[in-house]
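As you go down the protein sequences, you meet chains A and B in turn. Residue numbering for the first sequence follows the working numbering, beginning at 1 and increasing consecutively. Residue numbering for the second sequence follows the working numbering, beginning at 1 and increasing consecutively.
Simulated from the structure, these hints should not be mistaken for laboratory data. The reader is advised that the hints may include incorrect statements.
A partial selection of chain B residues facing chain A, derived with a Cβ cut-off under 8 Å [to be verified]:
#1 E8
#2 G9
#3 L13
#4 A17
#5 Y25
#6 A27
#7 Y39
#8 Q45
#9 L46
#10 F89
#11 K101
#12 L102
#13 K106
Beta carbons: idealized from backbone N, C-alpha and C, even for Gly.
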Amino acid sequence: GAGVSQSPSNKVTEKGKDVELRCDPISGHTALYWYRQSLGQGLEFLIYFQGNSAPDKSGLPSDRFSAERTGGSVSTLTIQRTQQEDSAVYLCASSPDGTNTGELFFGEGSRLTVL
Amino acid sequence: GNSVTQMEGPVTLSEEAFLTINCTYTATGYPSLFWYVQYPGEGLQLLLKATKADDKGSNKGFEATYRKETTSFHLEKGSVQVSDSAVYFCALSGSGGSNYKLTFGKGTLLTVNP
Chain A
1 GAGVSQSPSN KVTEKGKDVE LRCDPISGHT ALYWYRQSLG QGLEFLIYFQ
51 GNSAPDKSGL PSDRFSAERT GGSVSTLTIQ RTQQEDSAVY LCASSPDGTN
101 TGELFFGEGS RLTVL
Chain B
1 GNSVTQMEGP VTLSEEAFLT INCTYTATGY PSLFWYVQYP GEGLQLLLKA
51 TKADDKGSNK GFEATYRKET TSFHLEKGSV QVSDSAVYFC ALSGSGGSNY
101 KLTFGKGTLL TVNP
């Protein structure tokens with residue numbers, strides 16, 4: 001399809017395991033964002049990519065979280081040694097560029113449950 | 001830092017009722033303001049936006065006016081439909097070099113009954 005695609009849609013894992021979440025943005029969009037939505041909370045900014053570089057990683061909660069983007073397209077968010085507090089919906093969004101007079105196009109999210 | 005406060009939900013209305021969802025913000029500089037909507041089983045999508053003071057954003061019968069003096073961006077619709085049932089998020093952009101970053105409220109769940 002033409003929208004932002006995320007996988008997996010649901011992931012259940014055990015505490016201490018590593019997980020990878022994938023985002024395929026809209027073709028041609030240079031800006032890519034990861035947000036986290038925890039129960040009862042708003043969307044929390046994690047990281048912003050412009051092309052393959054990440055000028056703002058300020059929202060990553062700890063060094064267990066990392067993200068990369070390759071070919072100016074697909075991005076992977078990796079969470080190492082998962083903890084129960086990592087349980088949330090992880091949302092990816094893209095936009096044509098990094099100026100927010102425009103709009104972000106969101107995927108449906110990856111719901112992560114850490115047991 | 002920037003923050004957004006929106007009214008707690010859930011909000012339950014009958015069809016054709018008037019809707020207001022309050023949103024106030026704290027920000028430095030001159031942010032743009034947004035309402036996003038998340039329908040069941042779908043990703044967030046932009047509903048409307050306003051980029052400067054006194055601008056009115058509108059879409060699908062929804063309206064919101066950027067009020068700098070009261071730092072507000074309340075969402076209104078004159079007559080809601082069952083299909084408007086969704087979660088609504090108020091958001092603002094950063095200013096200057098961080099205008100790519102959106103700060104969101106916690107969301108308001110709206111349920112419209114026939």
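Verification of the supplied hints:
1. E8: 10 Å, violated
2. G9: Violated, about 11 Å.
3. L13: 22 Å, violated
4. A17: Where the cut-off is 8 Å and the nearest Cβ of chain A is about 26 Å from A17 of chain B, the hint is violated.
5. Y25: 12 Å, violated
6. A27: 13 Å, violated
7. Y39: This hint is violated: Y39 of chain B lies away from chain A, its Cβ roughly 11 Å from the closest one there, beyond 8 Å.
8. Q45: Holds, about 7 Å.
9. L46: Check passed: Cβ of L46 of chain B comes within 4 Å of chain A, closer than 8 Å.
10. F89: With Cβ-Cβ at 7 Å, under 8 Å, it holds.
11. K101: 6 Å, holds
12. L102: Constraint on L102 of chain B satisfied, holds at 6 Å.
13. K106: The hint holds - K106 of chain B has a Cβ within 8 Å of chain A, the shortest such distance being about 4 Å.
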